[in-house]
Amino acid sequence: MSADRNSSEWTNKGALPDMSVEIAGVTLKNPVMTASGTFGSGMEYSEFVDLNHLGAVVTKGVANVPWEGNPTPRVAEVYGGMLNAIGLQNPGIDVFIERDLAFLKQFDTKVIVNVCGHTEEEYLEVVERLADQPVDMLEINVSCPNVKQGAIQFGQDPKCLCDITEKIKRVAGQPVIMKLTPNVTDIAQMARAAEAGGADAISLINTLMGMKIDVEKRKFVLANKTGGLSGPAIKPVAVRMVWQAAQAVRIPVIGMGGIASAEDAVEFMLAGASAVAVGAMNFHDPYLTQKVVDGMEQYLIRHNISTARELTGAVL
Amino acid sequence: MKRKTRMTVTSNRCLTDGIYSMTLQYPEGEAPDAVNPGQFAGIYTGNPAMLLPRPISICEWDPACRTLRFVFRVAGAGTAELAAMKEGSRTDMLGVLGNGYDLSALADRKVLLLGGGIGIPPMVGLAEALHDLPGTEVTAAMGYRDNNLFLTEELTACSRLLIATEDGSVGTSGNVLDAVRENAIEADVVCACGPMPMLRAVAGYAKEKGIPAYISLEERMACGVGACLGCVTRTREVDAHSHVRNARICTEGPVFRAEEVEIG
Ligand SMILES: Cc1cc2nc3c(=O)[nH]c(=O)nc-3n(C[C@H](O)[C@H](O)[C@H](O)COP(=O)(O)OP(=O)(O)OC[C@H]3O[C@@H](n4cnc5c(N)ncnc54)[C@H](O)[C@@H]3O)c2cc1C
Ligand SMILES: Cc1cc2nc3c(=O)[nH]c(=O)nc-3n(C[C@H](O)[C@H](O)[C@H](O)COP(=O)(O)O)c2cc1C
Ligand code: FES
Chain A
1 MSADRNSSEW TNKGALPDMS VEIAGVTLKN PVMTASGTFG SGMEYSEFVD LNHLGAVVTK
61 GVANVPWEGN PTPRVAEVYG GMLNAIGLQN PGIDVFIERD LAFLKQFDTK VIVNVCGHTE
121 EEYLEVVERL ADQPVDMLEI NVSCPNVKQG AIQFGQDPKC LCDITEKIKR VAGQPVIMKL
181 TPNVTDIAQM ARAAEAGGAD AISLINTLMG MKIDVEKRKF VLANKTGGLS GPAIKPVAVR
241 MVWQAAQAVR IPVIGMGGIA SAEDAVEFML AGASAVAVGA MNFHDPYLTQ KVVDGMEQYL
301 IRHNISTARE LTGAVL
Chain B
1 MKRKTRMTVT SNRCLTDGIY SMTLQYPEGE APDAVNPGQF AGIYTGNPAM LLPRPISICE
61 WDPACRTLRF VFRVAGAGTA ELAAMKEGSR TDMLGVLGNG YDLSALADRK VLLLGGGIGI
121 PPMVGLAEAL HDLPGTEVTA AMGYRDNNLF LTEELTACSR LLIATEDGSV GTSGNVLDAV
181 RENAIEADVV CACGPMPMLR AVAGYAKEKG IPAYISLEER MACGVGACLG CVTRTREVDA
241 HSHVRNARIC TEGPVFRAEE VEIG
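These protein sequence lines are chains A and B, in that order. Its first residue numbered 1, the first sequence is counted upward by one per residue in the numbering used here. Its first residue numbered 1, the second sequence is counted upward by one per residue in the numbering used here.
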């Protein structure tokens, strides 16, 4: 991987491209993050990848108190992707700060905490608790399709989205990324609503609501019946939505949805993303985040581009 | 250390109706993983439309040959792809996963191993490991549907083997506990892997006898390494990782003390 850097082929070509990107005043060493919920709090995958090499680690959603999540089965494989209905199981903000945040602070990477809640008060409580913590950014999940109450309704009504963004911004100690759901008719309108509420950035897409039925047993495969679709199957939808959102706002866009390679990541950047997140494909290849970083650097060299940020919106 | 390794299929053959035995070898020059009986690996199908590895228990392992052996049932499209893999081909494997059985809790005891159907393969590796421990007495009661038996030679070599079949064609007619009762087997501890109704019955049996039971659970998995929270089981107490009553079968399990989990 990084051995490539020392090879003569590289040094002969002169300076390496600048992989860093800036989001809301925070400089990431490269544009590659982990997608919330697919990487825990980094501990499990730190056996496979050096977290120091990632632009940021985005944590699993955390709430004010522990959440049990949904009954099992919670996951199902589908063609080119998977469904999940974890239901935002999390240990609550206190354990998160004490254990998970402490773990992440050992690494030289940015820490973005994904926040979930059922109600406005619950979101605000977590955001306030994090205000004086060593966290670089917050990502607000107003788009989870798997919890019955709250969450997604904030993300599906532009007025609600603008409103909750404003309230979060008032108490937040860090830049705020609003994470948008693709389960809407007009993504540009939602992106504008987040921007109007004062969001520092937006990220998309969260999972697409899906379903799988076992035809032999005539039963729903997931206990929750519906689940969020992710993986390569959703990538074209995600790229389109990132492009539409990026056209609609001036704040940075973080793109995700089915990224399986450096080329996929570049595709999101070209569509208008300033950074990208690798999600479900971590389950296929636990080394993928590192490979995307390395491959993106090689793409820049191959195309004679000196900085990663030049890729943003550079579709011709 | 968990890793994804490109393994070579050194043998892949049908044992009996729908049951396959596949041996995977580590690449030249790569040290094999240390294995604890009851652990599993995630085997990738090679079909790019199937993203997730299939969790399959390690049946036997041979450090000298740098191989792992898996025995699996064709249960769907993924395992059908595994069954079709040719000797000499390569496949990715994520491993070694899960906790496995705590051998120190089994040493010097009369251990009863219970396996039902495709829960039998991990019991073979466990029986072999226990056979090597001095003072440990191993009785294995294995339950099959019918006379399509598999892995009986391996089990006979390292344990006293009792067989139960649902249709009564071999051994005791009925389930593994019927075989245990019929043969008046007494044990200090029981280890079991099999379908949920069997595990419930085993938990009840162990409680009645006042002996510990270690059971191996199954659940749909995505990451296999503890990150996605897909594979949880309800626990009696608040679990140290989740801080709710959910333990990850891929990480805290698949082997649990029966009274730790709510399999009601
Ligand atoms: C820890 C563990 C150990 C296992 N050990 C063995 C073994 O030694 N031998 C054996 O034959 N089987 C074993 N299984 C079951 C095996 O994983 C499934 O039969 C297999 O994944 C089915 O895949 P498929 O694509 O053929 O079926 P499909 O039904 O098409 O699979 C669709 C999806 O569901 C998952 N899935 C389906 N059934 C199960 C199941 N019972 N458990 C977990 N995931 C499932 C698949 O992995 C896949 O992601 C084990 C399961 C677990 C969790
Ligand atoms: C198992 C799983 C758990 C997830 N949990 C969360 C979560 O807690 N919060 C969140 O905002 N998004 C969550 N997501 C959505 C992902 O972060 C991402 O937006 C989505 O999966 C699309 O990207 P992908 O196709 O690369 O996975 C989860 C996705 C998966 C597959
Ligand atoms: S399969 Fe992901 S936590 Fe167990």
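Please note that a few of the clues may not be correct.
[Said to hold, decoys possible] No more than 25 Å apart at the CA atoms, straight line, and that leaves these computed lysine-lysine pairs for BS3-like:
hint, chain 1, residue 1, chain 2, residue 2
1, A, Lys159, A, Lys105
2, B, Lys110, B, Lys2
3, A, Lys169, A, Lys159
4, A, Lys29, A, Lys291
5, B, Lys110, A, Lys105
6, A, Lys291, B, Lys207
7, B, Lys110, A, Lys291
8, A, Lys225, A, Lys105
9, A, Lys212, A, Lys225
[What the hints assert, rightly or not] Sample of chain A residues lacking proximity to chain B, with all beta carbon distances greater than 10 Å (derived):
hint, residue
10, Pro73
11, Gly81
12, Gly198
13, Met281
[Claimed, not checked] Which bits of chain A does chain B cover? Going by a derived footprint, with three or more residues having C-beta under 8 Å, they are:
hint, stretch
14, 105 to 117
15, 237 to 247
Hints listed in this document are in silico derivations from the structure and should not be mistaken for laboratory results. By construction, the Cβ of each residue, glycine as well, lies at the ideal position given by its N, Cα and C atoms.
Quick rundown of the hints versus the structure:
1. A/Lys159 with A/Lys105: Violated, at roughly 36 Å.
2. B/Lys110 with B/Lys2: Judged against 25 Å, a Cα distance of about 33 Å means the pair is violated.
3. A/Lys169 with A/Lys159: Holds, at roughly 15 Å.
4. A/Lys29 with A/Lys291: holds (15 Å)
5. B/Lys110 with A/Lys105: Roughly 48 Å between the alpha carbons, so the hint for B/Lys110 and A/Lys105 is violated.
6. A/Lys291 with B/Lys207: violated (50 Å)
7. B/Lys110 with A/Lys291: violated (50 Å)
8. A/Lys225 with A/Lys105: Given that 25 Å is the threshold and the Cα spacing comes to 38 Å, the pair is violated.
9. A/Lys212 with A/Lys225: holds (8 Å)
10. Pro73: Label violated. Min Cβ-Cβ 4 Å, cutoff 10 Å.
11. Gly81: At about 7 Å from chain B, A/Gly81 fails to clear the 10 Å cut-off, so the statement is violated.
12. Gly198: The assertion about A/Gly198 holds, with a minimum of 32 Å to chain B.
13. Met281: Its Cβ does come within 10 Å of chain B, the nearest being 7 Å, so this is violated.
14. 105 to 117: Per the Cβ count (0), the hint is violated.
15. 237 to 247: With 0 residues in contact (Cβ-Cβ under 8 Å with chain B), the coverage given for the stretch 237 to 247 of chain A is violated.
Comparing the model with each numbered hint stated earlier shows that hints 1, 2, 5, 6, 7, 8, 10, 11, 13, 14, 15 do not hold.
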